[in-house]
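Assembling the complex is the task here: the two chains are given apart, and the hints tell you how they should meet.
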Amino acid sequence: MTNLSIKEKSIKEKSVIEKPIIEKEKTLAIINSKAPYSNIAGKDALDIALIFASFEQAPALFFQGDGVWQLIADQNGSLISVKDYLKTFAAFEFYDIEDIYVCQESLNARNLSASFHIEKVQMLSKQAFAQQLATYNSILRF
Amino acid sequence: MKKLAVLITSPPCSNLSVTALDYIETALKTGIELVGVFFYQDGVLHANKQVVIASDEFQAVNHWKTLQQTYQLPLFLCVTAAEKRGLSDEQPENINAIFTVAGLGELVELTNKADRLVQF
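One line per chain: the protein sequences are W and D, in this order. Mapping of the first sequence onto the working numbering: position 133 corresponds to residue 133, and the numbering continues sequentially without gaps. Mapping of the second sequence onto the working numbering: position 30 corresponds to residue 30, and the numbering continues sequentially without gaps.
Keep in mind that the hints were calculated from the coordinates and are not lab data. Please read all numbers here as calculations on a predicted model, not as lab measurements. All residues carry an ideal CB built from backbone N, CA and C; glycine is no exception. Treat the hints with care, since some could be wrong.
[Claimed, not checked] Restraint-style ranges between C-beta atoms, simulated for each label pair:
id, chain 1, residue 1, chain 2, residue 2, range
1, W, S125, D, E90, 43 to 51 Å
2, D, E33, W, D96, 30 to 38 Å
3, D, T30, W, Q132, 29 to 37 Å
4, D, K84, W, N76, 18 to 26 Å
5, W, A130, D, D22, 26 to 34 Å
6, W, E25, D, T30, 26 to 34 Å
7, W, N108, D, Q72, 44 to 52 Å
8, W, A114, D, S88, 39 to 47 Å
9, D, T30, W, G77, 42 to 50 Å
The shape of chain D in the complex, shown without the other chains (with noise of 0.2 Å):
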C-alpha cells in the first residue's frame, strides 16, 4: 500500500485549497493511506476559526472537517507558522480543534512514513 503526505503552503482563499482537497479525498477513495497533512507558511490560515468565506464560495476548512472525521485523517498544524498569524495554542478557542499544533518534527517524520509528499 502506497502512503501519502501532503504539506499546505497555500491559504483558504486560494484555489489551491479546491485543488489540495480533491487530490487527497481522490487518494484516500482509491485506497492509499494518507499519513497526515501539514499545514505551514499560509496554510495555518486553515485553522482559523475567524476565518469566515463568503458562503457561496468554496469552504475548505468543512471539507477538512468531512475528511478528518470520515478517514481519521491526521491534521498538523505548524506551531511557528500559526503563532506568527495570531493564531496561539494559548488561546485555542482560535484554533478549530480538528487540527492538531505540532512542531515542524513531525514533518520530518510524516515525509518519512511517505512514500510521496506534495505541496500545494
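Here chain W stands alone, though its shape is the one from the complex (with noise of 0.2 Å):
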C-alpha cells in the first residue's frame, strides 16, 4: 500500500519489534507547500505521514501555497514520467488519516476550485487555517 522500499519496511519492522513501546502520544501537522510534480516534497511528506499512522499516530494534512494542487483532481504525473504518488492520497481512509486542511486563499490566488482528487478535505480561511495549525505538538513542513 505504501510506497516504501524493502529496506525501509524490514528497518520499520525491525525498529517495531525491538521497540514496541512508544509512550505517549503527541499530534502531528504536516503542511504540504510545494506543487505536486516539481520536486519530491510532496512524496517525502507523504512517506512520514503514513509511517506516523502506520504507528498509529494518524497526523493531520495541511494544504497551503502551491502545495494544494496536490489535491487537485485529474493530474497525470505519467505524462511527464513522474511516479503518481498522488494516488496513494485515496488510501488515507485506511491509515486513519481524516484531518485534512486546505487554506482557502492559497485555492483562489491560483484560481482553483474545490475539486479534489479524495473526500473530507476541509476548506479553512487564513486564520482558521492557522489557528488550527496552532493546536498540534509539532508541525513539519514539506
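Shown next, in the form of C-alpha cells:
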C-alpha cells in the first residue's frame, strides 16, 4: 500500500519489534507547500504521514500555497514520467488520516475550485487555517 | 528537563546548517536534552563522505562530529532518502561513521520522546 522501499519496511518492522512501546501520543501536523510534480517534497511528506499513521499516530495534513495543487483532481504525472504518488492519497482513510485542511486563499489565488481527488478535505480561511495549525504539538513543513 | 528532537531536511551547503548547529549546540550547553537528530530529504547529504566544502567555508560535518562525540548525540540517517541520493549502507565507506542508518520509524520515536520537534 505504501511506496516505501523494502529496506525501509524491514528497518521499520525491526524497530517495531525491538521498541514496541511509544509512551505518549503527540499530535503532528504536516504542511504541504510545494506543487506535486516539480520536486519530491510531496512524496517525502506522504511517506512521513503514512509512517506516523502506521504507528497509530495519524498526522493532520495541511495544504497551503502551491501545495494545494496536490489535492486537485484529474492530474496525470505519468504524462511527464513522474510517479503519481497522489494516487496513494486514496489510502488515507485506511490509515485513519482524517484531518485534511486546505487554505481557501491559496486556492483562490490560483483560481482553483474545490474539486479534490480525495474526500473529507476541509476548507479553511487563512485565519482558521493558522488557528487549527497552532493546536498541534509538532509541525513539519515540506 | 525539557527534551528536544531536530529534523534536518536541508543540505550541508545550505546556511540553515549553521543555524541548526548553532541552535543544537546552544540547547545542549543550556542543559536541554537532545533525544536525537534525524536527517531526511537533502539533509542526508551531511553524511556523505564524498561531499567536500571549500576549506574557507563552514564545515558542517566537523561540527556534527564534535557534537556527536562531546554529547553522544545520536544522528539518524533516513535510509530511503539516503539511497535516493547515492548513499547506501551496502557501501558504508561512503557514509560518515558518526551517522546511524535508520528508518522513518525512528523519527516517530524521536517525535514522541521529545517535548519539541524543530525542523531546519
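These are the hints, each one checked on the structure:
1. In this structure, S125/W and E90/D meet the distance hint of 43 to 51 Å, their C-beta atoms being roughly 50 Å apart.
2. With their beta carbons about 31 Å apart, E33/D and D96/W fall inside the hinted range of 30 to 38 Å.
3. Taking the beta carbon of each, T30/D and Q132/W are about 31 Å apart, inside 29 to 37 Å as hinted.
4. At about 23 Å, the CB distance of K84/D to N76/W agrees with the hint of 18 to 26 Å.
5. One distance hint, 26 to 34 Å for the beta-carbon pair A130/W and D22/D, holds here, with the actual separation near 28 Å.
6. Distance hint check for E25/W and T30/D: the Cβ-Cβ separation is about 27 Å, which falls inside the suggested range of 26 to 34 Å.
7. About 50 Å separates the C-beta atoms of N108/W and Q72/D, a value consistent with the hinted range of 44 to 52 Å.
8. A hinted range of 39 to 47 Å holds for the C-beta pair A114/W and S88/D, which are about 43 Å apart.
9. Checked against the hint of 42 to 50 Å, the pair T30/D and G77/W passes, with Cβ atoms roughly 46 Å apart.
Checked against the numbered hints given earlier, this structure breaks none of them.
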